[in-house]
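*Asks:* Residues per chain are reported as follows:
There are 2 protein chains.
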Amino acid sequence: MKGICLLLDLYELTMAQSYFETKKDILATFDLFSRNLPKNRSFFVASGLEDILRYLEDLSFDSESLNFLESQKLFSRGFLDYLSKFKFTGTIFALREGEIFFPNEPIIRVTAPIIEAQIIESYLLNTINLQTTVATKAVRCVLAVKDKGIYDFSLRRTQGFDAGLKAARSSYIAGCKGTSNVLAGKTYKIPIVGTMAHSYVMSFESELEAFSTFSEIFSENSILLLDTYDNLKGLENAILVAKELEKKGKKLKGVRLDSGDLVRLSKKIRRILDKNQLNYVKIFASGNLDEYKIHHLLKQDAPIDDFGVGTNMGVSVDSPYTDVIYKISEVSNKDGQFLPTMKLSRGKVTYPGRKQIYRIKDKDGFYKEDILGLEDEKLEGEPLLFCAMKDGRIIFPFPTLDEIRQYLKENLKRLPLKFKELKRRSIYPVKISPLLQKLTRDLEKALKTRSTRGI
Amino acid sequence: MKGICLLLDLYELTMAQSYFETKKDILATFDLFSRNLPKNRSFFVASGLEDILRYLEDLSFDSESLNFLESQKLFSRGFLDYLSKFKFTGTIFALREGEIFFPNEPIIRVTAPIIEAQIIESYLLNTINLQTTVATKAVRCVLAVKDKGIYDFSLRRTQGFDAGLKAARSSYIAGCKGTSNVLAGKTYKIPIVGTMAHSYVMSFESELEAFSTFSEIFSENSILLLDTYDNLKGLENAILVAKELEKKGKKLKGVRLDSGDLVRLSKKIRRILDKNQLNYVKIFASGNLDEYKIHHLLKQDAPIDDFGVGTNMGVSVDSPYTDVIYKISEVSNKDGQFLPTMKLSRGKVTYPGRKQIYRIKDKDGFYKEDILGLEDEKLEGEPLLFCAMKDGRIIFPFPTLDEIRQYLKENLKRLPLKFKELKRRSIYPVKISPLLQKLTRDLEKALKTRSTRGI
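As you go down the protein sequences, you meet chains C and E in turn. For the first sequence, position 23 (counting from the first letter as 1) is numbered 23 according to the working numbering, and the numbering increases by one without interruption. For the second sequence, position 181 (counting from the first letter as 1) is numbered 181 according to the working numbering, and the numbering increases by one without interruption.
For reference, chain C alone in the conformation it holds in the complex (with noise of 0.2 Å):
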């Protein structure tokens, strides 16, 4: 996107120019990881990394960007030649696109001149955040259909375009069958899907001759709306439709209740259709859906073969965010040797060194515990942060989004049952190594005299 270099928060830019003028040349490690699951969550599916590496590969500083920030009197003609100049030169480390992960274990971990690394900050953020989110909240509401089919119909209350293209990709990720949004559709090669609205019907003069006339053109791809006026009158005006498809050899594809009690309404609907013969016909449910109403309508027998959910999925309404952060944590010194830092703010402390993640399974293959150490590290179990950017080039060929999924769904099977709990919390244990809680302990002690230490 034309300016998106600008993208970021004023301060990654003040500090930059501060870095620019002192210290250029120092390299950083940073790593971006959430602290806290959010509620009823057991896991995160990480989500945005191919965003990420194509935005690294592609940021510069357009004369118009650099005009504006020329504007703001902040910044000097050195520093503003060298953004003109700007070319991402870093090596990111990350987790798969549809990894399960956990708390401080990071996600996305960049070393690069501290410059750089700095100047990233806020689009890595934002791009982690949001389609981790929805990637995370996505999954359990396809856990929830077990064996029946989803979609993603959330574009018209997501916050925003981006956050609606983003949502139909992590949903399907998460294993979504597909999406109503076209453009989604376009860009991800992801099935689109659609039914019709309320207004269709309510334009003709009848029902009836709302459902003729989608049928007469769409045919087999059909899927009637039954509750503009009166579901059960609905349903038989679409057996009317039905019956008039047969006669042309088609088969109506669906109907939708999108309102009303959808487990006594279902079961009343699938013994109607199938004591006319329409038991081909599909029952679509929609409205207001999440992963706890999908789960209750399933376990009360709803003869509901696939669900469209929106807002609740797209958004993640119940817990919109991933309190993602990005902290430093090691940093060189003029001889070029990294020196291993964190942060000792009450509740906020934050682990020292260059990191790596190791799972260890079980005999039988399901995920036993993580291990969070350093890179350097012998220990047992695979490590799971790979290198993804060396030098500013994308070094992996990307995964399509199949592939993803497929990913995501095998690491499902291996996570035990009790993390894919809908409503309870189980901890899946993050241990620290031997050796980084030393390093912790050490630098802890180090540090507390640092703040008071003259220049």
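I should point out that these hints are in silico values taken from the structure, not numbers from a laboratory. Hints are not guaranteed to be accurate.
[Stated by the list, open to error] Okay, derived cross-link-like pairs now, DSBU-like style, lysine-lysine, Cα gap no bigger than 30 Å in a straight line:
id: 1; chain 1: E; residue 1: LYS448; chain 2: C; residue 2: LYS275
id: 2; chain 1: C; residue 1: LYS431; chain 2: C; residue 2: LYS409
id: 3; chain 1: C; residue 1: LYS73; chain 2: E; residue 2: LYS253
Got chain C sorted already, so can you dock chain E onto it with the hints?
*Replies:* Relative to the frame of chain C, chain E by itself:
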């Protein structure tokens, strides 16, 4: 944005094709409104109109988008040709940005060929949802800070970059003094502000070195972050830096508190600053703030001058969407005569006809009640919906953001106090005019037979 024509739900297009085949000259009126207030809110603040009008004036279907639609094998050649020449030709009545409004009151009223009115649905809903949700939340934060300053710091946690930009705009309208988001500053001419991050302090050998370096470069623009290691030790360093600046005839702008007990801390820090003749140094507070926490802080007389509010405001975390809906209220017959229509679904009944909102003030100028009536009724009160677009052309000069902000400020003054309380909801009276009541009753009766009528 390129390809924004496809930012819609597939069903807009399938319905549009059906309209194209059967009745493309039929006109309709749609209302965009919300049935319910989010929790704790007693009113909404309108925001998003400018984006909608620009979108409507520019909307067209480019060939890449048309090729994608063709590839779906759902659409006829004739309909795709129609789209290739698409232009919105309708008329828009709307609430001004910065207008205060209530449930069931249309924010946007569209009268257009039904096919056009249908195609624009998702964009309109998405835009009003985001901007109105954030403006409604932000004005609560602004009310909480009273005569103190408040800034938008939300970019890093908004749901995507579009939300980041619009959050800055809507919160500025609501009364924030600026944003940390540089691109929003450029796009909307909003003042931009910033301080420094913990990582900045941590990248130096000592906190004092970090503070000194920053203040040497940014001089009177410096706000020093105190809590990287320890707030009170941080303050000692900040005082040393302030005294150094004084020697150069400069004044340190402020210090920032980002963790800990902000009441106790701000009082202590104010006392120490004052004892050091640094009465001019401002105290800036941040760290997971929202209107409730700000209210609490100021009630305890915390001497905080400015608040930086991020996620809670920019994402409207406690209520991250407005349940905006887009409902047809009248449709023309073959003779071009408009006939009112409405939806009967249980709990989802709509009001028919072309409506206007009439606002009645008491003798002191305070809002007393609104009447939702028909446009051609002669009713007491000021009509709030104005004609913003006629036959596809914007017909009013966009107000500046500062004008919108001022307009909202004056509206807030006229809103009685009880509706501005943060924790208790009061229901503002929105009455239905006798004529609209009668129309609704009569139509309801007539429609109850419609759904079963044949073609």
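*Asks:* Evaluate each hint against the coordinates.
*Replies:* Here is how each hint holds up against the structure:
1. LYS448/E with LYS275/C: holds, 26 Å
2. LYS431/C with LYS409/C: Holds - the C-alpha atoms of LYS409/C and LYS431/C are around 25 Å apart, at most 30 Å.
3. LYS73/C with LYS253/E: holds, 16 Å
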